[in-house]
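Residue numbers (the numbering used here), protein chains in the order written: chain L, 1 to 173; chain W, 174 to 340.
FYI, nobody ran anything at the bench for these hints, they're computed from the structure. Treat the hints with caution; some may be incorrect.
[To be verified] Derived lysine to aspartate or glutamate pairs resembling DMTMM-like cross-links, with alpha carbons at most 20 Å apart: (1) L/K39 - W/E248; (2) L/K167 - W/E190; (3) W/K209 - L/E125; (4) W/K287 - L/E18; (5) L/K167 - L/E38; (6) W/K184 - L/E18.
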Amino acid sequence: MSIQQTKWFDRKFEFSGEQNVFPSIVERLRGTPARLEEKLRRVPENVLTAKLESTWSIKENVGHLIDLESLWMGRLEDILNKEPFLRVADLSNTKTHEANHNATSIEDLLEIFRSIRQTTVGRLELLSEKEIYLSALHPRLKTPMRVMDHFLFVAEHDDHHLVTITKIIQTLS
Amino acid sequence: MALPWFERNLKFGYSSEMLPFFLERLRGTIIRLEEKIRGIDEKILSRKLEGKWSIKENIGHLAEVDEVSNKRLTEMTSGVAVLSPAVFEPQDYNQWPAAKILDLFKKNRLHNLKKYKTLSDEQLKMSSQHQRLKVQLTPVDLAWFDAEHDDHHLVKINEILDYTLNK
């Protein structure tokens, strides 16, 4: 198998499903900390901080997931507050580039991610079925995103970075 | 409450470039299950609420589904027109220690992941008809289908744990 993963900004999303699959999406989001921890438990420091062809290191990928959680939650509030558009993301990822995540221990990064993700999941579990179907326009994709779609997008984004991390580990092993 | 699996509207036709994401999800289910039941009493894991599957039965079912998927992967890549139906031979999983059921699931899942990696680009585009859904499935579609099915049962397990531990 020589398949390459699709780049994140090349991904096409279709948000047309009417069925309430939100519980499965929340479950996926809940599972990401364990998946990251299991993947990184025995990875040596030089692999965790290596930047392949100047791309983000494993620690920077984890740090990026931490950096974006406030955006995801902010967008949830945008939808619940009936804003027409979701807030804009910083597509150049300044926060991650400037955070120097390589200087933080992987244990700390994973603990922070687990903690903020737990808060996110706790908030999502309190949403009503009506709120799950509320929407606002995505600023880049220009498509309406319901709460359910938005968090499916987040789950896919988690997977994107998990695959990227796997690829780094495989390349350096 | 999770939508019943047989009522899910499922769309297929995924490109091969999506396979790495689906395999990552399939791999992740092992640790997600382990984390979910870690430290939970065997009696709770064997408990059937309102006659429904226990947590152990949910995990055992996932292990059986992987055996079916393994067979279906072979059928798809051999040019079989219609996939075999999902026929299961359920064990009395409630009598098994949870660790043994997880081991079975892990063994089957890792076997399937290994098999996916041996498939050529051409084989990933081959398809057969799913008997119940009446749609053409490629190995890539099957990987997505199984990842969604995993999530469905993780939700069921979570519902049982929530009810049992927080009532």
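Now for the hints, and whether the structure bears them out:
| no. | hint | in the structure |
| --- | --- | --- |
| 1 | L/K39 - W/E248 | 32 Å, violated |
| 2 | L/K167 - W/E190 | 14 Å, holds |
| 3 | W/K209 - L/E125 | 17 Å, holds |
| 4 | W/K287 - L/E18 | 35 Å, violated |
| 5 | L/K167 - L/E38 | 15 Å, holds |
| 6 | W/K184 - L/E18 | 13 Å, holds |
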